[in-house]
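Colleague: Going line by line, the protein sequences match chains S and P. When the count follows the numbering used here, it moves up by one through the first sequence with no breaks and lands on 178 for the last residue. When the count follows the numbering used here, it moves up by one through the second sequence with no breaks and lands on 136 for the last residue.
Honestly, the hints are just simulated from the structure, not real lab data. The reader is advised that the hints may include incorrect statements.
[Said to hold, decoys possible] Quick look at which bits of chain P chain S covers, simulated, 3 or more residues with Cβ under 8 Å:
#1 21-27
#2 51-62
#3 83-90
#4 98-107
[Said to hold, decoys possible] A few chain S residues facing chain P, derived, Cβ under 7 Å:
#5 H164
#6 W168
#7 P174
As the structure is a prediction and not an experimental result, all values here were calculated from the model. For every residue, glycine included, the Cβ atom is placed at its ideal position computed from N, Cα and C.
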Amino acid sequence: MQGSIRSSPMNSPWEQWSPYWWQTVTAVPPFGMSFESSSAYAPPNDGSSSQGRSTWPPPAAPGVNSGILGQLGQPANRSSGYPSAKPTSLLGPFLTGVGRAPAIPNGLQAETEMGVSNYVTPAQSRSDNRAHCLDRYVHCHDLHSFGQLINGKRCQDCYNMCLHSGIWPDNYCPLRPF
Amino acid sequence: MLERRHYELLAKYESSESIDFDANELAIVCGVLNLHFTDFTEARLPEYRNSIVQAIHEQNKVLTELSEYLNLDNQGLRVEALRYVVQNIAKIKSPFMLDSIVGTVSHRADSPLNYGRGRRSAVVVERLATVDRTEG
């Protein structure tokens, strides 16, 4: 590890994540999440945030399958290869506790569909990453809420990075209070 | 404990932005990551950055692997969680890693200082149980 040479600093798993991408987008919470509501512990968008990256499907139009539901429900024939998801809300059950149990299985099913459609994830499996990434996201959110962390990252950004790479970026979202 | 400026430096040297050579900054970053460069020359800046990026990646990876601590802690197995950290303490190789793991361990899920934790615990416990049922 120490002193070894790599070809480029951009060969990190965060290669697709410019630490400055956030500066190009608005500071509006992407899913209208309010900390005062029970959404405080909602998992963020499952890596499909389109902020600053054209390879991800853009958010749905407001009022039309917006939020997590809308993003998961994007047409499957987009160039990103993202599959369509069942039009069931992941966010609602998770937050309200009503029918909470299906929330994770639905997400896992979506991952299975990705595999069927030959979607190749950078990491071994986004499903495999989900559990531990979600743990850390919850932890991060407990500590930092929706605040900006290192280089403008927020917990949900780190969650998305974790989903992709399987590695929580502690250098951007330290799991300790500042 | 590390300060925010240390993390900002890590992010700076990991980014794709071009940066000016600064031996003092490099010394701080390499110290945080426990990289043993004794002196710094401008010509070797790319090498330093490569090593920094790789170290951050590898150390983050180990820290993520240690998230088993969180799994145990979220299940209310506090002592077992701490024992897990003790058993794996040798994996902590740098101030950066130590800072991260100490912060994680010291953040008590049920601390009254941490708002909303009670509600979170119930959610997490149920979610973990759901995942276990699904994947088991």
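Colleague: Can the hint on S:P174 be confirmed by a CB-to-CB distance to chain P that is less than 7 Å?
Modeller: 6 Å, holds
Colleague: Taking 8 Å as the C-beta cutoff, is the stated coverage of the region 51-62 of chain P by chain S satisfied by three or more residues?
Modeller: Our answer is that it holds, as 11 residues pass the Cβ test (under 8 Å) against chain S, meeting three.
Colleague: Are three or more residues of the region 83-90 of chain P within 8 Å, CB to CB, of chain S?
Modeller: Per the Cβ count (0), the hint is violated.
Colleague: With chain P as the partner, please determine if S:H164 meets the hint condition of a C-beta pair closer than 7 Å.
Modeller: 13 Å, violated
Colleague: If you look at each residue in the region 98-107 of chain P, do at least three have a Cβ nearer than 8 Å to any Cβ of chain S?
Modeller: It holds, with 7 qualifying residues against the three required.
Colleague: Quick check: do three or more residues in the region 21-27 of chain P have a beta carbon closer than 8 Å to a beta carbon of chain S?
Modeller: Answer violated; 0 residues pass the 8 Å Cβ test.
Colleague: Does S:W168 pass the interface hint, meaning its C-beta sits closer than 7 Å to a C-beta of chain P?
Modeller: 5 Å, holds
Violated hints for the displayed structure, listed by number in ascending order: 1, 3 and 5.
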